[in-house]
Amino acid sequence: MGYSSRSNSSNIDAVLFRNIFFTSDGATDDAVDRKLERRSSTIERGDKVGRRTSIIKSIPRVEEYTSEDLREANYRRIVDSFISIYVSIDGERKVVYVSDVVHADSNPEFHSVSLPSLGIDERTLLGVQLWCWSIRCGRWVLHYEYKVRVRELRQLDEDDVAQDRIQANNAAVLKVNGQYYTLASCLANMRPQRKQDRAEDSRYVAWSYGFDELRSLQNIARALNDVTGSKWDLAEQIDTLVSRRTQDTHLAVLEDDADLYLKEHELHCDTLDKYASGRKRQNDALRAQILSHEMRLDEVRALLRSHLRAANDTTATQIELLDSQLDSIRISFYEDIYPAIIARLQEYASSLRDFLSIENSPSGEGVRFCIVGLEFPSSIKELLDTCYYNKNSVRNHNLDGPAASSGQSMSHTDKIAQINACLAFMAHSVRTLADIAAAELVYPITDAAGQPYVCDRFMGSARVQYPLWYSHDQTVKQPSSAGSSSTMRNREFEKALDLFNKTLVALISDISQLYSRFHHASLPSSPAYVPVDCLDNFLWNLQYLLLFMTAPASN
1 MGYSSRSNSS NIDAVLFRNI FFTSDGATDD AVDRKLERRS STIERGDKVG RRTSIIKSIP
61 RVEEYTSEDL REANYRRIVD SFISIYVSID GERKVVYVSD VVHADSNPEF HSVSLPSLGI
121 DERTLLGVQL WCWSIRCGRW VLHYEYKVRV RELRQLDEDD VAQDRIQANN AAVLKVNGQY
181 YTLASCLANM RPQRKQDRAE DSRYVAWSYG FDELRSLQNI ARALNDVTGS KWDLAEQIDT
241 LVSRRTQDTH LAVLEDDADL YLKEHELHCD TLDKYASGRK RQNDALRAQI LSHEMRLDEV
301 RALLRSHLRA ANDTTATQIE LLDSQLDSIR ISFYEDIYPA IIARLQEYAS SLRDFLSIEN
361 SPSGEGVRFC IVGLEFPSSI KELLDTCYYN KNSVRNHNLD GPAASSGQSM SHTDKIAQIN
421 ACLAFMAHSV RTLADIAAAE LVYPITDAAG QPYVCDRFMG SARVQYPLWY SHDQTVKQPS
481 SAGSSSTMRN REFEKALDLF NKTLVALISD ISQLYSRFHH ASLPSSPAYV PVDCLDNFLW
541 NLQYLLLFMT APASN
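Heads up, the sequence shown is in this note's numbering, so the first residue is 1 and it goes up one at a time.
Calculated directly from the structure, the hints in this document are not laboratory data. Hints may contain errors.
[What the hints assert, rightly or not] Result set (DSS-like, lysine-lysine): computed pairs, CA atoms no more than 27 Å apart in a straight line:
#1 K391 with K495
#2 K495 with K381
#3 K502 with K381
#4 K280 with K263
#5 K477 with K381
#6 K381 with K391
#7 K274 with K263
#8 K495 with K477
#9 K391 with K502
#10 K147 with K94
#11 K391 with K477
#12 K175 with K94
#13 K147 with K175
[What the hints assert, rightly or not] With beta-carbon atoms standing in for the labels, derived distance ranges:
#14 E213 with V242: 38 to 48 Å
#15 K231 with K147: 57 to 67 Å
#16 H265 with I290: 34 to 44 Å
#17 L308 with K280: 37 to 47 Å
#18 R489 with N360: 23 to 33 Å
#19 D80 with T240: 42 to 52 Å
#20 R489 with S411: 19 to 29 Å
#21 A223 with D80: 45 to 55 Å
Each residue gets a CB set at the ideal place from its N, CA and C atoms; glycine is no exception.
Sequences and hints are given; from them, build the entire structure.
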């Protein structure tokens, strides 16, 4: 019965092989395989004799094997193997499965073969390649390739596979949907069922024993039991005699070699005496060295006591002299050097303040300031709303006419240009103040192509620069969380604003501590803090820092 196309499936339950005969060196058969075939054929065929014939007369002679024959059989029959499956559709070959390795098996079985959907039909060529490991070649060898078409498959009974009735060498069996199939070439030399053979062969007569043979078998069994008992008795006697002989030999050796053992022990004792004498001399030499070192240590201690006393007296005198000089140095710092440093800092800060001319905005909208006549938003949120959505107005008080009083007449591009100019003024001012006070900025500010950048030095070995100026080209639209509208985001610009705000607040704290170290009399009793509502007001913080640095000393 062939393979039914109605049970078409791309899932193969298992691939089984029977009677692998490996020929990696090109051989097609060998002496061992011929012996096995002759032996199996002789045993299966037997001698068909008449009724009441003794089986002893029909026992075949089995040909004996040499060690070389057995090694050859092991090499040919018991191998490591794996399979690969490919599908050839319209001449195109695709490998669809490679199995795990099955070790040392002449009838390897590969279960749970998982294949993709192949669409097997009458035109599909399924190829199964059996790869075996060649011990002589030291590599995997393609031993057999089975090219299977659906119409060429022949169905097998489950008993045929379970009872190994397939006798052909290198036979392949495919289990598909619970049914077993094989090629027509693998059905050769199928071992027939025993019951059918006996029913079909009318000459077959059941083997039986005669009375003489039964008596002979009983006599042989009794003789075998007697021989076995005699064997064990003889083995016990041999063990007893061997152990007794070993003990006698050992005692004789001990008596004969007693003088030799005594001489060897005397020699060992002399050697130990020599080692003990040498170790004693070494110990005496070490004691003499220890005494010499102890005497030198006593001398060094006495010398140190005499010299250290004089050194301590000299050091104490020098410390008293330095203490008397430190008071005048402190007075000089408090009265001359510190005030001169504060005055120089106030001078530089006053020049910068006059140049920037940070003032309150005449518009009166919240806490808003102007720098060099350019109005600037009072918070980061207000600044981003102006850049992204053109929501707030900023005024340029350097202009005359109605354009100066109303910021709504300015275009969005002019507002962004004014905001970028204000940020550039503030960035250069912060960097200048840090240079004046010899303070290190938390996030350094650099210039590139005339534009300010804030560097994040905490992002690894390479510094990352963020532009402190707004550009439409780097702004993107992102969907909001509500999903109804989109929002504008310029992440690098927002990051630069955040880092610049942190840098400005940290600079205020550093300069406040610097003035504290200089004992400036204008400092309040408690440190001043930036109000919460002005934490991100750049011009408010910058104006506060300039006023703090230029505040006169109180008497």
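Of the numbered hints stated earlier in the document, which are not met by this structure? none
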